[in-house]
Amino acid sequence: MGLNKKISLLKTLFWLSHQIEANWTKFFIYLIYITVRPTFTLLLMIFIYIAVSAVRGPDLEYGYFILVGQAFYNLVGSGIIGIAYTFWDDKEHYKMLKYIYISNIKLSYYLFGRASYHFIEGIYPLIIAFILGAYIIQYPIFELKPNLPLLFINIILGFIWITAFGFLVASFLLFTTNYGWVVIDSIVASLLLFGGVLYPTDILPYPLNIVAYYLPIKYWLDINRAVIKGIDTIYIFNDLIFILTLSIIYLIISLLIFKISENIAKKKGLLDISVSF
Amino acid sequence: MSKLNEIVLVLRVAYARAYVRIKGVNRDLTHCVIDVFLPLLGISAIILAYKSMGAPENLLGFAAIGGAMIAFWYNVLWSMGSQLYWDKEQGNLQLYIISPAPLIGILLGMAIGGAFNMSLRAITILIVTSLIFNIKFNLNAILPAFLIFILTLFALYSLGMMFASSFLRFGRSVSKVNELLGEPILFFSGVYFPIKIFPVIVQLIISIIPLALGIEGMREALILNKSLFEILWIIVLLIILGIVFFMLAIKMLAYLEKLGKTKGTLTLKWD
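Sequences listed follow chains A and B, in order.
For the first sequence, numbering that gives the first Met the number 0 assigns the number 0 to the initial residue and increments by one for each residue that follows.
For the second sequence, numbering that gives the first Met the number 0 assigns the number 0 to the initial residue and increments by one for each residue that follows.
Derived from the structure by calculation, the hints contain no laboratory data.
Just so you know, even glycine gets a beta-carbon here, dropped at the ideal spot from N, CA and C.
Accuracy of the hints is not assured; some may be wrong.
Stretch by stretch, here's where chain B covers chain A in the computed footprint (C-beta under 8 Å, at least three residues) [said to hold, decoys possible]:
| # | region |
| --- | --- |
| 1 | 89–102 |
| 2 | 210–223 |
Sample of chain A residues lacking proximity to chain B, with all beta carbon distances greater than 10 Å (derived) [what the hints assert, rightly or not]:
| # | residue |
| --- | --- |
| 3 | Phe111 |
| 4 | Ile127 |
| 5 | Ile130 |
| 6 | Phe141 |
| 7 | Pro199 |
| 8 | Ala264 |
Heads up, simulated DSSO-like pairs for lysine-lysine below, C-alpha to C-alpha not over 27 Å straight-line [unchecked claim]:
| # | chain 1 | residue 1 | chain 2 | residue 2 |
| --- | --- | --- | --- | --- |
| 9 | B | Lys175 | A | Lys10 |
| 10 | A | Lys25 | B | Lys175 |
| 11 | A | Lys25 | B | Lys262 |
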């Protein structure tokens, strides 16, 4: 498939995703709808910091740590759930998976396109929640000097590893849907626990802290925290190498697993079986 | 049918519906384990965040109690609020209505079954969290805390019965409404932090949320060692809320059932 064709398909997938997600209301209400959940999730975490600040006194740097961690963690959730839920909905609810499978598009590319929409859609509430959170903890965001090109690159890298996690979940969902949400929730919640979202991973007891070193989210969030502040690239160079390497490794492994799972599911006739609706 | 027979019928229907819900959810042991394991991941992250900030021990206990109660809110939203709408989609609602079973009995059974299932999980979560993180509770206050817990469930599931009857009107937007009510209510209930950090006016407004009151009451009893007299206002408020929500649920259900029959919206278009 040529590049033009791929871009055209991506545009169609964006349009389709938007229709499926937002056709129940007006665009403005939809924007409010997608903002509410991530904003209140962030507020839940920010108020943990405020509760401690009320007793111990404010530590703005820790507030910033949680603010960036949770704001970007929301993006992780929407990205992974984006792929997994799309897959589940198409297979079980709309029963469209078999039609997608026999059409002129690779299933993996279809999921990639649908995931892109969810990921990009997640950036808007991220910005709103970040600004609101910063205002509540009184973090001086106007003094920040973000390195925007590097932030953009890091977000792209984030998209790669988040998509990889989404494909891993989708591989599992090819075989079962009874435990589908369990897998999705387990992965998303594990990333909260091990990913350095709310606290530095050093606080985790051994051997749990080792897990964090093999998760891209830790490096991803650390880089985000640094580049939003405008810290010189030299100080985060190692993290950048780690995130780049891990993102590529995760993507290759997840696509391989997805391909193998797809072949097995095809042989066993599982592609058009629905069990949950 | 005499009033007594009507009540007996409601209770029999409630028992039947609760039986299905309890049996259905607990027959798969894997699901039971997962229902405890998954919330533990989130609660552990919150407690570790508190530890990392050097928070006082009280706050760890606050997070453990609030975290264990989260499941009730989602259960009220998804397994109570949306249930009649799902029943309508699956074609069960029309069967309920043409049978002699009163709808209020079905809702009551859903509430009792859901509350029982979630209680098993919440108590297990609380015990496991306290063991992992060595959180100390004032066990002398276990009875007042249990009383508050039961009253919270009464008020919360009565609210759920209200949702169930009103969500029946929302059609397929119901899942969006549920999603919009999820995190904001958890936030205003202070599931991970004390609600006392909100301004007084906000505290007054959120005292109509049973979850917020219940969590606050249990924290005051189990962690802050408050006497029964000091938490009496919470008990009274929960009783009032429970009765008001329950009465409203009965009225709303009757009204919406009548409205549905008149407008023909109790079945799907193609049924």
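Verification of the hints:
Coverage of the region 89–102 of chain A by chain B is violated. Counting CB-CB distances below 8 Å, 0 residues qualify, and the rule asks for three or more. Only residues whose beta carbon comes within less than 8 Å of a beta carbon in chain B count, and the region 210–223 of chain A has 0; fewer than three means the coverage is violated. The claim that A/Phe111 lies off the interface holds: its Cβ sits roughly 25 Å from the closest Cβ of chain B, which is beyond the 10 Å cut-off. Every CB of chain B is more than 10 Å from the CB of A/Ile127 (nearest about 14 Å), matching its label as outside the interface.
The non-interface label for A/Ile130 is consistent with chain B: the shortest C-beta to C-beta separation is roughly 17 Å, beyond 10 Å. Under the 10 Å C-beta cut-off, the non-interface status given to A/Phe141 relative to chain B holds; the minimum distance is some 25 Å. Not every beta carbon of chain B lies more than 10 Å from that of A/Pro199, the smallest distance being close to 7 Å; the non-interface claim is violated. Chain B leaves A/Ala264 outside its interface by the beta-carbon criterion, the shortest separation being 22 Å against a cut-off of 10 Å.
The suggested pairing of B/Lys175 with A/Lys10 holds, with an alpha-carbon distance near 26 Å, which does not exceed 27 Å. Restraint check for A/Lys25 and B/Lys175: satisfied, since their Cα atoms lie roughly 13 Å apart, inside the 27 Å limit. A hinted pair counts as satisfied when its Cα atoms are at most 27 Å apart, and A/Lys25 with B/Lys262 qualifies at roughly 26 Å.
This entry does not satisfy hints 1, 2, 7, going by the numbered hints stated previously.
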